[in-house]
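Chains as they are written, first to last, in my numbering: chain A, 1 to 520; chain B, 521 to 843; chain C, 844 to 1174.
Everything hinted at is true.
Lysine-lysine pairs mimicking DSBU-like chemistry, simulated, CA-CA at most 35 angstroms apart:
1) B/K733 / A/K279
2) B/K730 / A/K381
3) B/K730 / C/K1166
4) A/K89 / C/K1038
5) A/K432 / B/K641
6) A/K327 / C/K1168
7) C/K1168 / A/K338
8) A/K363 / A/K380
9) A/K333 / B/K730
10) A/K363 / B/K706
I should point out that these hints are in silico values taken from the structure, not numbers from a laboratory.
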Amino acid sequence: MSGKSVDSKRKQDSLKTDSWSLKAKGLCKTFGKIDALKSVDFDVKQGEVHAIIGENGAGKSTLLRCLYGDIHPSSGKILVNDKEIKMSKPIEAKGHGIAMINQEPLVFNDLEILENIFMGHLKQKRSKIVDNKRMRDEAVKLLNDLGLDIELKGKMGNLALAEQQMIEIAAALSSDAKIIFMDEPTASLTPNEVDNLFKLINQLKSTGKSIVYISHRLDEIKEISDRVTILRDGNLVGQFKIADISVDEMIAYMIGGTMDKFITKKKVKLDKKPYFEVKDLSSRGVFSDISFDVRKGEVFGIAGLMGAGRTEIAQAIFGIIKKSKGKVLLNGKKLDIKSPSDAIKNKIALVPEDRQGLGVFLKKEIAFNTTFAAPWEITKKLNFINKKKERDLTIEYTNKLKTKLADIYQNVNDLSGGNQQKVSFVKWLLTKPEVLILDEPTRGIDVGAKQEVYRIINELAQEGKCVIMISSELVEILTLCDRVMVMYEGKKTAILEKDDINEVNVLTAAHGFATNKEGA
Amino acid sequence: MKKIENKSLAKAILKPGSVLVLFLILSVVSGVLASPHFLDFEYILAAMTQYIELGIVAIAFTFILISGEIDISVASAMTLSSCFAAILYNYGLPMGLVIAVTLLFGILLGLINGALTTFTKINSLIITLGTMSLYRGLAQILIGKGSVGDFPEWFVGIDRTKVFGFLPLSIFVFIVLIVIMEVILKQTFFGRKVFAMGTNDKVALYSGVKMHKNKLVLFGILGLFTGIAGIMQISRYGLAKYSLGLGGELDVITMVLLGGTAFSGGRGSTIGTALAFLVVVLIKISMTLINMERMIQLMIIGLLLVVTIIISDRLHKYQDLNS
Amino acid sequence: MSELVKQKKKISITSVRELGLVAIILILYVVVGLIEPRFFSFRVVMSIMLSTPILIIVALGEMTAIISRNVEVSLGSIMAFSAIIGGMIFKSNIDFPIVVVFLVATVVGGLLGLLNGTIVTLFSLPSVIVTLGTMNVYRGLMFVLMDAKQIDNMYIPRNLIKLAQPQESIIGIPYIIIISIGVAVLVSIILNQTKIGREIYAVGSNPDAARLRGIGVNKVKIIVFIFAGACSGFAGMIYMARVGYVNPVTTGVGMEFMAVAAAVIGGTSMAGGSGKTLGTVLGCILLGLMMTSISYLGIEGSAQKAMYGLIIIIAVVLEKIIKSKLGKEGR
Chain A
1 MSGKSVDSKR
11 KQDSLKTDSW
21 SLKAKGLCKT
31 FGKIDALKSV
41 DFDVKQGEVH
51 AIIGENGAGK
61 STLLRCLYGD
71 IHPSSGKILV
81 NDKEIKMSKP
91 IEAKGHGIAM
101 INQEPLVFND
111 LEILENIFMG
121 HLKQKRSKIV
131 DNKRMRDEAV
141 KLLNDLGLDI
151 ELKGKMGNLA
161 LAEQQMIEIA
171 AALSSDAKII
181 FMDEPTASLT
191 PNEVDNLFKL
201 INQLKSTGKS
211 IVYISHRLDE
221 IKEISDRVTI
231 LRDGNLVGQF
241 KIADISVDEM
251 IAYMIGGTMD
261 KFITKKKVKL
271 DKKPYFEVKD
281 LSSRGVFSDI
291 SFDVRKGEVF
301 GIAGLMGAGR
311 TEIAQAIFGI
321 IKKSKGKVLL
331 NGKKLDIKSP
341 SDAIKNKIAL
351 VPEDRQGLGV
361 FLKKEIAFNT
371 TFAAPWEITK
381 KLNFINKKKE
391 RDLTIEYTNK
401 LKTKLADIYQ
411 NVNDLSGGNQ
421 QKVSFVKWLL
431 TKPEVLILDE
441 PTRGIDVGAK
451 QEVYRIINEL
461 AQEGKCVIMI
471 SSELVEILTL
481 CDRVMVMYEG
491 KKTAILEKDD
501 INEVNVLTAA
511 HGFATNKEGA
Chain B
521 MKKIENKSLA
531 KAILKPGSVL
541 VLFLILSVVS
551 GVLASPHFLD
561 FEYILAAMTQ
571 YIELGIVAIA
581 FTFILISGEI
591 DISVASAMTL
601 SSCFAAILYN
611 YGLPMGLVIA
621 VTLLFGILLG
631 LINGALTTFT
641 KINSLIITLG
651 TMSLYRGLAQ
661 ILIGKGSVGD
671 FPEWFVGIDR
681 TKVFGFLPLS
691 IFVFIVLIVI
701 MEVILKQTFF
711 GRKVFAMGTN
721 DKVALYSGVK
731 MHKNKLVLFG
741 ILGLFTGIAG
751 IMQISRYGLA
761 KYSLGLGGEL
771 DVITMVLLGG
781 TAFSGGRGST
791 IGTALAFLVV
801 VLIKISMTLI
811 NMERMIQLMI
821 IGLLLVVTII
831 ISDRLHKYQD
841 LNS
Chain C
844 MSELVKQKKK
854 ISITSVRELG
864 LVAIILILYV
874 VVGLIEPRFF
884 SFRVVMSIML
894 STPILIIVAL
904 GEMTAIISRN
914 VEVSLGSIMA
924 FSAIIGGMIF
934 KSNIDFPIVV
944 VFLVATVVGG
954 LLGLLNGTIV
964 TLFSLPSVIV
974 TLGTMNVYRG
984 LMFVLMDAKQ
994 IDNMYIPRNL
1004 IKLAQPQESI
1014 IGIPYIIIIS
1024 IGVAVLVSII
1034 LNQTKIGREI
1044 YAVGSNPDAA
1054 RLRGIGVNKV
1064 KIIVFIFAGA
1074 CSGFAGMIYM
1084 ARVGYVNPVT
1094 TGVGMEFMAV
1104 AAAVIGGTSM
1114 AGGSGKTLGT
1124 VLGCILLGLM
1134 MTSISYLGIE
1144 GSAQKAMYGL
1154 IIIIAVVLEK
1164 IIKSKLGKEG
1174 R
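Input sequences plus hints: build the corresponding full structure.
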């Protein structure tokens, strides 16, 4: 065992002698017409946790990708230990001691866990044969040091997401990473798993590693970080020691103003009778016994942590995934929905969360996209397309939503995130739905576009539609919704209304504690 | 100003369609150089009839590829249909009925591919890799090593029957089908669905497209076309052999890709495929006229495929960046 | 979905599969033998064993390609090309050292594989279409470059043919069988115990993750193509030993489908990232057994093509079903 102690002593020594730093100066990045980063400065010290926060589309991921070597900055400098470096591939970042953990762990499901740790820097014996024993020993030591209790045997695909994340961190450390970037690491974790992760992060800090942490969860940021950098619309708008700034102030910096100017709710007089009802909806292994109802003109929010099953409820209602139990009723009539096509016929619309992957055809024209979900509006006899009607309708709705575009025949790809989201909306408005399910409607769009979306939501409510809004942005939940259903791990933990809709109640329920407000 | 002008000029030229035009010119030039017979219009028409079945299959293949699927069993299915027809006729069924049943059979072959792909969710490439072998083998089992023929007089010689005095019937059918399919593709909502499925199948699903149903329909259409092609095949040859059209999938894929349809789906046109058909035929005619060995002819077509796919891939990527 | 933990009870499906294959092989052999008693003879067993080495070597190359998420359909043409070159060397000098010719054939195969790999990686093209094209290009190239004609038996050295004769070896096992087992062992070692082998699996399992881990994905792919080509080239010489002649038009035609079928039966997933040498070898033996059974039972050889196709489909569909059943158990 003497080898072991020599190694750890060597490590302690190197910590004391090396000081290590990563700096970025004047980083800019332009994608086509969009300036994602505008002259951002950033630095990380050894042994610190530095958080980056900002609204969706503020440039956090872009900054990270530049620092990781995944993309080239359009201009600006990156310095490791005060020496400028240029990276053209991620492997070079590895060489500089930079590692990245993604939101969705990038793992090799078919390979063993041990291999996942060392893939990319496999250890070999002199004969070029892979040295499994040496790697296993090192891995065991690593996991012990980190306080992780994970079996090394077996395939990576068998591990839960949280464990895969831990292994990814172990992998980063095994390649001698000095700094680990974490992009929304707690997005899919349970509170227990978040605690474990934070313990691990503190452990890493104590051994001199640095962490750059991106997250939306400001309460977590407060808990774990040392410093926080705030981005807005590609600009650096503030950098503070965490003790010097409150959550409210962080929000203010992120949105460039105060909440009440940012988002308002237009009051709508609501019926007593529910118009859209969901009863005992279950999907095996995903969520169970979900019941709620929505009245005409109501904005009904669904809150909860990521992975709570909210999107899946929408998918089940809309016919994308199968339900194992339960009913969906519209105006008292039971609906039989087996596919999105059925849902549309029944006047239900779903604006998906992943706009680019699920919402619009990026490579197709705006007019094509706008009319695609409502073919009956533009088809003549024999399924032929009425090009004039398509044009007129597209222009009419584009103006209604004030979408900024040059030409209705340009590709959706050319539009900004916010305008793309509007096209996604318009597509569904054309189907003249009575129930609209919006899944994270303001994800990845800038502040200005967000306000536009809130305006649209208010209008939809005023027109008497049932609006179901799934959102992870507390502000939206608290301000826009008439009632809120909170989910936790596939179950409903609360339905809140009026004054009960506040931060404490929502967060409590989201973390699994049923309140006495109509909980599970 | 000059830089911008150059860029739009480049954009206009560097379309997949331009490659096609280029190849068209090249193939005509090479043909003329090959032999004086080349410019004989009737000769060209007669030569075209030899490949027209593959051209017909290529039309439906275009649809499938645009929708994001692929079917490399087409040539085998075509020959299986033709062998099936021959066997049916020799069992005593009247030819008219044989034709009808064969068309249904072709649809069935297509639906098998479609069903396997949609319900097992296995990549259509792998499924049709299997059915390519399976269908060819079944044809072999049906017909054996020899040939089966002896069809009624009115049925045989579709390539010799002339419409409007000069146009072989088989080519006429081809042209009619091209026009119909292109109209469906570009002017109907069904055509839009085909493009949508190939552009992003998830978005298509979320937008209310019945994916299973539409894919089955497309494979069924492809099957129908292989049935039509199979019938035309035995009409032209006057007999059925299991080895007819062997390697035809190579020609079909080459035609469709050369015609501007993207391998990854979401883009294409049947007119492009038709023009590419012309190019391939012209090249084959030239090679025949200079008595090029069959193996080397195969090599040239193979080379054409590789070059086509390299160029078209680059062009599509360029188009994507500069829409 | 963190709490709804994937606790898949994964009975290592891979070892079950190999045992299953052995069982199927034995059962099939017995069943056919009961129908046709002639089947139960050393001669028949030897015939089956002799028909597999060529396929085994090509299939191992194909398997490696599939593991890395590529499909190679030009291996038959590469095999023929290399065999023709080897044959032409012997034609000019029948006493040319056999080992050197083996080397030449292997290198030629590797070069053709390199060409495939370069086109695929340089232009990021789907390997199946590229190799569909090169399949014909290489076949035609034989005629263009070498005016290839059949290499008749009389030009092939006796010593080479001896490799395939049962009488000519010590324990009664022909050399080509020993060679193919040797190749299989070598492949297994490379794939399981070397860095490049593990990286091949990684690239097939998740090419994006591999890239971000710093693995040279293109480099790995090119190596895979070279390897598959080299295997085919080597197999070309084995073909010459076993069959006794080479014909530029017919040799190797359809080889790649048998190779894919064997690999898939043996448990290689078309999605990449998994595949075992032993499985592929067993798959080859099973296919060889089926081929021999067909001729002994008097079924037309024409059924072969249908059979391969059916096998690929059934194997792939079964795999899907098994995978989803195992997956469901955890939920």
